[in-house]
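Asker: Given next are the chains, with one letter for each unit.
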Amino acid sequence: MTQTSTATRLAPHPDRLLPADPGARRVARTVYDTVKDAPIISPHGHVDAALIAADQPFSDPASLLITPDHYVLRLLHANGVDLGALGRADLSATGTVPPEPDGRAVWRNLADHWDDFLGTPVRYWFETELHDVFGLTEQPSAANADAQYDHIAGLLASPAFRPRALFDTFGIEVLATTDGPADDLAAHAQLAADPTFTGRVVPTFRADAVFDPTRPDWRPVVDAVGQAAGIDTGTHAGLLAALRARRQYFIDHGATATDTGVLDAGSAPLSSAERERIHAAALRDPSSLTEAEATAYRHDMLFRWAEMSVEDGLVMQLHPGVIRNHHAPTLERFGPDTGHDLPAVGSFTTPLRPLLEAFGTAPGFHLVLFTVDETVFSREIGPLAGFYPAVYAGAPWWFIDTPAAIGRYRSAITDSASFTKTSGFIDDTRAYCSIPARHDMARRADAAYLASLVVTHEISEEDAVRTAGRIVSDIPRATFKL
Amino acid sequence: MTQTSTATRLAPHPDRLLPADPGARRVARTVYDTVKDAPIISPHGHVDAALIAADQPFSDPASLLITPDHYVLRLLHANGVDLGALGRADLSATGTVPPEPDGRAVWRNLADHWDDFLGTPVRYWFETELHDVFGLTEQPSAANADAQYDHIAGLLASPAFRPRALFDTFGIEVLATTDGPADDLAAHAQLAADPTFTGRVVPTFRADAVFDPTRPDWRPVVDAVGQAAGIDTGTHAGLLAALRARRQYFIDHGATATDTGVLDAGSAPLSSAERERIHAAALRDPSSLTEAEATAYRHDMLFRWAEMSVEDGLVMQLHPGVIRNHHAPTLERFGPDTGHDLPAVGSFTTPLRPLLEAFGTAPGFHLVLFTVDETVFSREIGPLAGFYPAVYAGAPWWFIDTPAAIGRYRSAITDSASFTKTSGFIDDTRAYCSIPARHDMARRADAAYLASLVVTHEISEEDAVRTAGRIVSDIPRATFKL
Amino acid sequence: MTQTSTATRLAPHPDRLLPADPGARRVARTVYDTVKDAPIISPHGHVDAALIAADQPFSDPASLLITPDHYVLRLLHANGVDLGALGRADLSATGTVPPEPDGRAVWRNLADHWDDFLGTPVRYWFETELHDVFGLTEQPSAANADAQYDHIAGLLASPAFRPRALFDTFGIEVLATTDGPADDLAAHAQLAADPTFTGRVVPTFRADAVFDPTRPDWRPVVDAVGQAAGIDTGTHAGLLAALRARRQYFIDHGATATDTGVLDAGSAPLSSAERERIHAAALRDPSSLTEAEATAYRHDMLFRWAEMSVEDGLVMQLHPGVIRNHHAPTLERFGPDTGHDLPAVGSFTTPLRPLLEAFGTAPGFHLVLFTVDETVFSREIGPLAGFYPAVYAGAPWWFIDTPAAIGRYRSAITDSASFTKTSGFIDDTRAYCSIPARHDMARRADAAYLASLVVTHEISEEDAVRTAGRIVSDIPRATFKL
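Heads up: the protein sequence lines correspond to chains A, B and C, in order.
Be aware that the first sequence starts at 1, since it is given in the numbering used here, and climbs by one per residue.
Be aware that the second sequence starts at 1, since it is given in the numbering used here, and climbs by one per residue.
Be aware that the third sequence starts at 1, since it is given in the numbering used here, and climbs by one per residue.
Note that these hints are calculated values from the structure, not bench results.
Cβ atoms here follow ideal geometry from the backbone N, Cα and C, with glycine treated the same way.
You may find that some hints are simply not true.
Claimed, not checked - Facing chain B, from chain C, some residues (calculated, C-beta under 10 Å):
(1) His-13
(2) Arg-16
(3) Ala-78
(4) Asp-82
(5) Val-122
(6) Glu-357
(7) Thr-375
Take these sequences, add in the hints, and give me the full structure.
Answerer: In structure tokens, the structure reads:
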């Protein structure tokens, strides 16, 4: 009788991520057990509503699990795999028809480099996903790559693995998508009107392009927003009116929040005249703007965003501090979201001051701050959330969405702002099948943190259990007005 | 027979904050036990000497424990409670007599929001204080708010709860206050002359206003310093002479240290002519100064401060990097110290270079550096304290005065500078009754850190015990020349 | 029978630095045991090859263990010991012959201040070294200072303590030195040609001076490189050609890497004309350069360095972010490397962008990034190593080469880039006898980290053992092309 080695066996431990100390583990397990099966509230993500609405079978394992996931792509790329070998089309290869990516070959790349993922949260999610969703019991390897690919491909063809069936299997209660400002939200409407679909899929208003007149898509999006709203966006006042109309359209389709990704959190307002002047200049010729003008326009728009949120009640999520497309040659060949967006130095307290002086105590205003620079949790986001009623400390995001970083986040934020002023977990993912694994990871990490407070007698076990429940339910509902 | 649930019972555990691992806890407890009853040396705080001198009963629980404590205020404010409901007078309500704050109602706000403090060091101190000082055995709640208020109010009326009795009960050996540069120190003199008071209350010279000619109180303080010293401060040389005289006055009244809070730690000296020029311009019209001139004046004054410390031996405490009064509307309504001072990015190594090149090896000069930005412990303060004889690493301060952050501070600083070049614990508090709880917290956190080194065999248990004793006694005495 | 107290006994525990929790310790010990006796690969250090080649006895304990080690010097200096009392010659005492330093007196300073090293990694290494290399069994103290000095001095006179014998005793397989760009590498050639020496000592090409035309040694080094290469460095093209020739010379003598220490990681290329213009101006009169010109020249040279690495395959190590010689008076009296180099704020993602856009995916290019600012591990170095095939995350360096910081480094880097894209341990030391202690410390710290992942079931014990083996062997070999 052969024995699978522990290194090749895929068997996620029931107590994984819980503390090693037996006393702490017992507490953590008690805490975790009370929330592990709670419905998933996902207030921020990138799954396409049309995917759920259409409910078609997924095409193949690689295009589902590897090609669209920039977390996976970047680690394979870092270890020498060309993105072209991972199913990404080479956009620079003009004049030729790109070959259909061979899913089986893509999968083999992952299997060959499985060891290069050791210890990362990406591998952690992936293991849970392969085991819990797809029933695999061996770690991916060159030897089993084809068999595992075929196994998953077989499952994807079955009704139980269609998007809506998985929605139920995953226990998702609310799923927020991210949508362009001119989107007609047809898929959301279709789902809402469909009595056979009992889940809740809500849109999120995201209009990054309108903030920055130097982006090539600024003008097209400004125009599209105007057309969607039936309002001329040739003036800045018109643009704001159109945006207000579109926000209302989103609210009417179930949205409770906006999301914004900007380079920095600057928020100084401009006079109406100055806004109009820069807007008009940008419409005439964006390249005529000085960097200072473009920045001033963007900072003013962030201020207006808050102003609109105070008016219409949409929660304002802010994700600043990402340097997009760091490697121009990769952008040219494979487009954006291919693993080379990188963290910038985070800064909130000073740049957000104008916005917070104006709206930080406005009734009902919720501003959820996210960062990819951990140093700001203790220095900025915690202290801001610990004074301003409007400010909530967003969960650790992207590069720091890891068990260890969640522990550090909790420690830094709890010291300044306790639990109430946090966001609850945000999966922020395009990888539909990783959603339960990611939420489960966060529940375990939070249970571990809460247990650490219990065993040092800082809070009671009863409080820990109650808080874990709040973190997966009451807190995201309240913060995101769900 | 009803059982109080663990969530509502208030019973601080004797082993709280000590590590969970049984082996580490045994060591930590041994270490802690040797220092838990050691006298309190409080070399930096904000209790008013007149309070001790007058020795009048405290008026009521809310005005003692809530209204003046910006740590408590900010968390209640963050969770939606208006500062006006917490006993702070609304300064913008001109023409009307502000209503006497209702202490009982203020207290109820705390009780209602007790859960919003869970896991914070503020709740940790408060629990210890309510239990150890006031004998309460239930967590504050809406149900017991009035009863707890009455219980505390009753105690405050008794002689055992007067300031001097508490001074003894708390086991305070030395208490340093913080005092304006023109203060006559009458309360300190009164206490020193009073044979019935055996404690030691020493002043600390703090003259932030004289550093910054753009502050509205710069001119009044410059004038007041001149009057107090009997020296004309119409010239910068006169101001320096008056400051020297006032420092000597403080020394004569028992002071061993100064304290300075500035926006940044810049310390470049100016020529005498340049100093005089800016000083004269500021006296004529502060609004005529350029930002560069005001900054240069402030940086020069920091250099002079060190120069004076080298001369007269006063320990120089430096607290840079706080953005004061972030929310202008709150400043207008409720004044300063109302919870919206926020941490700036810390920086020491480059801005302090001129000062350290001049005085970093001056015999007897002690410069204690504090920060609210944790990242500088490892990068700047530890390395500076690990080379310059003059530099001491101040305890984590304000937002980072927490059990977890104390552990991170110890780890970062010990790596670069061991224990000798640290400050010992600083309570930095206006909240008189929280002093023993805060020092106890630090002793526990330090015992936990020392135990962590023992159980990994980095230091011996005997060294840990000895070091814990040094941290609460020899080290603050040596660092602050007490 | 007297019993030595635990505080005075010097007996490094076999399980030191391994986690306290019994379960975690068992795993960590298993992991550590498999690598503790593995040969030492030291791909970056500052031992002089001539020391090994000459193989003369070391002169005395103080000049071997104290005087040249700036880690030890800075802590003694921080606690009040003048560098002149530690064997450093006072360069400012012109006209007098400096007295021969008294090794015994120098050693006594260490013994007197032994307590000021408690908890630091410096004491940790020193203890291991004194015990394992020199067989001492008591902590240094005033009482035993002379006896310990004599004991070590006696050993140093014996053949077993000559450099080559220690090379074998220490189990060193490869030792990389750091060498000037005009060095003839005679010692390396001698060692390579000597059939009685079986170790491998390889040079590393370091030419910091040529980056910065404002350094007083820029011109001499530029001239020396030209002479050594037989190429006129009067033009920038000539300098690059000479550097290429010298790099090839190093490769011919076994080098696999370069090393560069610059103030910042800026890497913007200049046009050939602009480079030549600044080069010519600097040759005429370096003081005529503007700061912007000098910086542009330096940033371009970093770009060229990568270009040359892509061409010739030398691994490029980068150590930016150190403020050299912070205390001018100490520099004047005692020269550089006397403990007052200090960390600057780290920055990689933005300044390295030009270099990485050009070479980040170049086949075979290895760029190993080091920092003394921990905050960049999570925010910059991990994410860069997690996308760019060329980028490797260098081990924590200098101030952060400590057990605790190694744990934080592993946590931050593993989250973004796993283990493959790291450097393995770098001792970076001039202190020859500390090499085994430092590598042992890193092996213990890594075992502790790996065990922490095992006990939380993030990786298997089998994977932990395998990874520990890779970290001490395969990974440094691959990263440094050894």
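Asker: Run every hint past the structure and note whether it holds.
Answerer: A quick look at each hint next to the structure:
no., hint, verdict
1, His-13, "4 Å, holds"
2, Arg-16, "4 Å, holds"
3, Ala-78, "5 Å, holds"
4, Asp-82, "9 Å, holds"
5, Val-122, "9 Å, holds"
6, Glu-357, "28 Å, violated"
7, Thr-375, "5 Å, holds"
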